[in-house]
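Chemist: Chain residues, written in single-letter form:
2 protein chains.
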Amino acid sequence: MVRGRISRLSVRDVRFPTSLGGHGADAMHTDPDYSAAYVVIETDAEDGIKGCGITFTLGKGTEVVVCAVNALAHHVLNKDLKDIVGDFRGFYRQLTSDGQLRWIGPEKGVVHLATAAVLNAVWDLWAKQEGKPVWKLLVDMDPRMLVSCIDFRYITDVLTEEDALEILQKGQIGKKEREKQMLAQGYPAYTTSCAWLGYSDDTLKQLCAQALKDGWTRFKVKVGADLQDDMRRCQIIRDMIGPEKTLMMDANQRWDVPEAVEWMSKLAKFKPLWIEEPTSPDDILGHATISKALVPLGIGIATGEQAKALQFLQIDSCRLGSVNENLSVLLMAKKFEIPVCPHAGGVGLCELVQHLIIFDYISVSASLENRVCEYVDHLHEHFKYPVMIQRASYMPPKDPGYSTEMKEESVKKHQYPDGEVWKKLLPAQEN
Amino acid sequence: MVRGRISRLSVRDVRFPTSLGGHGADAMHTDPDYSAAYVVIETDAEDGIKGCGITFTLGKGTEVVVCAVNALAHHVLNKDLKDIVGDFRGFYRQLTSDGQLRWIGPEKGVVHLATAAVLNAVWDLWAKQEGKPVWKLLVDMDPRMLVSCIDFRYITDVLTEEDALEILQKGQIGKKEREKQMLAQGYPAYTTSCAWLGYSDDTLKQLCAQALKDGWTRFKVKVGADLQDDMRRCQIIRDMIGPEKTLMMDANQRWDVPEAVEWMSKLAKFKPLWIEEPTSPDDILGHATISKALVPLGIGIATGEQAKALQFLQIDSCRLGSVNENLSVLLMAKKFEIPVCPHAGGVGLCELVQHLIIFDYISVSASLENRVCEYVDHLHEHFKYPVMIQRASYMPPKDPGYSTEMKEESVKKHQYPDGEVWKKLLPAQEN
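Protein chains in written order, with my numbering: chain A, 1 to 431; chain B, 1 to 431.
Hints in this document: simulated from the structure, not taken from any laboratory. In this text, all values refer to a predicted model and were calculated from it rather than measured experimentally. Take the hints with a grain of salt, since some may be wrong.
Since the list gives no way to pick out one identical chain from another, each pair is judged satisfied if it fits inside one copy or across any two copies.
[What the hints assert, rightly or not] Here are the simulated SDA-like cross-link-like pairs (lysine to any residue), alpha carbons at most 20 Å apart as the crow flies:
(1) K384 - A225
(2) K292 - D157
(3) K50 - R5
(4) K384 - D47
Bound conformation, chain A alone (with noise of 0.2 Å):
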């Protein structure tokens, strides 16, 4: 079914100016521009069908990743999809340990970025080949093609591929339904939409009255610049929201050690379920501190990192390696029982973490106990195939591909510097 010699790799800078609007803002991100790095591959087979891949940034240095996503496009480009897919590790491999580009990452920041945004054409190209939506192509793989998709590099001590195959394996047991039942439930979602740090109390008020109707009962509420601030908005929240609904708090990496452990002892009346990245990411060992200070207190961590420091563990679709980076990160969830609630929002995350999830609980976690995925309530309008929520739910993709197509017309005007929009806002923000 997969055809084609990657003929062309254009990738291009989109920004969409949110923080105008305060969408998105957090205790370390205070004027996010939501950005995306937008690459689209076509290959010279004749059905025209392009794949596309994105990696989420906030603005500025969207041009360092489009330059990283260039640097790495000798490794994609005259390559047929056909030997790609069919030695995925391998191309994994050669695109994360290029002997002199590694040096800048390796396998973080910038070049990270750049090889999702790549990697993500390559799985919408593919799945679009074979006409299916991403998270159906991966169900119907089978467990040894899903287990040749993975570099097992460095995670041989927790995950083996053995055991890989083992978890894939056992996940064929009902897999019929739960496919069955996502299609006609979806997936669980909560929404982060409500409580950025950017909204004044009136607008969080809204919000959070206007998803209370749509059947919103799992809530995010950002936290961390003032500890004020942060007990009189949580405050707000729960007032509406009442004691049995769910709420979740995101710190952004605001903290350090000593001083999450402090704020969350005061956030603690709030029941939040989680505190989300209370530090720096890299900081295993102090997620570990935090978590064994704050599970007395009812409160588990949340973060992207795999280590015995969390109780959630949240996927990205464009931070770590596309599909085939998240499959190994899913696996070692599964292994050691860790609910994976992947982190989304931004543009695009929703669209590509959908189906990473869908296809988590129905070929490996197979359980939706504590269980949610993210969900932001905006920019869906620029992408060809958007999200769809019913019931607080995600709703299965049914279009092939990876939902990462853009409109070309939202690409066109958002396009930085040159795009329409830029242009009559650069001049002003001068002034």
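Chain A is already provided as a structure; the job is to place chain B on it using the hints.
Modeler: Just chain B, lined up with the frame of chain A:
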């Protein structure tokens, strides 16, 4: 003394075609072209003094770092140098916590390398204006001023401002004598120049014989690509240097955790002092596991991250956020009594790191026990103030600045892709 407003920042992509000679080849980086993003800042002061900063790269991807330096430039331009160094902690925070840019880091990979290049230029400028080499600027600086250069975010659980001040105040005792000692004897070094993976056995033997003749007593060999090959090369080098001299090994992140333990158990008979970067630099718990297995064999772990998983700490002048972040790491190492053995080599790393380690001895650690600084003997000829090695020791630089300034002629010739060297090489490589 400090004067002027930053009026210009330029950054160039400078590459040396070292891969042609196999110099610098290791198990992960098989064909490195040693390179640098080279930053020059100028002020509006009449002294004409420029600050030069570099970060080291391996060829491809240097253009991505250049792009990131340009993305950071607005934080530096039009600032008074006085204001920068007067609130260096604040400036460091601004540079590393830019609300939009930190998303593509934070404090890692490309943006952090770019941060290092920019800040290295600031330190070079500052020291030149003070008429002192950086090590001496640091040695003469009041402990409170030194502490004011450090951003304590994320580290207060292991090092507080009070801890730092106490260590530095204790370091004042005997400082004068240690400075005299350094000026007379220099800081002990080891050489990595003999045993790159790209070298033939004959080259290895020849370089090793010469190094012994030059008085070297400590040698590092690259391992990790092929066990039989490693056994043979380690045998050659151990036979040549004899049982008393020191041998270190460096796997450059090549192994998985179980692989590292197995491989090093085989190489243990060559009595290495340490194995450097056996696995992913980010896998702290993995390093701890390896460490536990190797310590009974008498092998320590050397790497660049702080944790209980290592016996030797390797700072890097261009991967950490310049002097500022290195100060915090030196102080943490002192607190936990972990010997610091800096990483050097590359382009300019020796030039820079000698300042840090000489300062460390005089003002922080006050000990040479188990301490030694890496040295690699190439590319120094491109620097205006190259390192001086005597009796296998780094002699303290006397010229003002951070020894970062490159010869303009070298920069021009090696600029990528338009310099003379690359104009000749690139068409040949394309054929």
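Chemist: Now look at each hint and say whether the structure bears it out.
Modeler: Results of checking the hints against the structure:
no.	hint	result
1	K384 - A225	neither (36 Å within a copy, 46 Å between copies)
2	K292 - D157	between (24 Å within a copy, 14 Å between copies)
3	K50 - R5	within (12 Å within a copy, 50 Å between copies)
4	K384 - D47	within (19 Å within a copy, 58 Å between copies)
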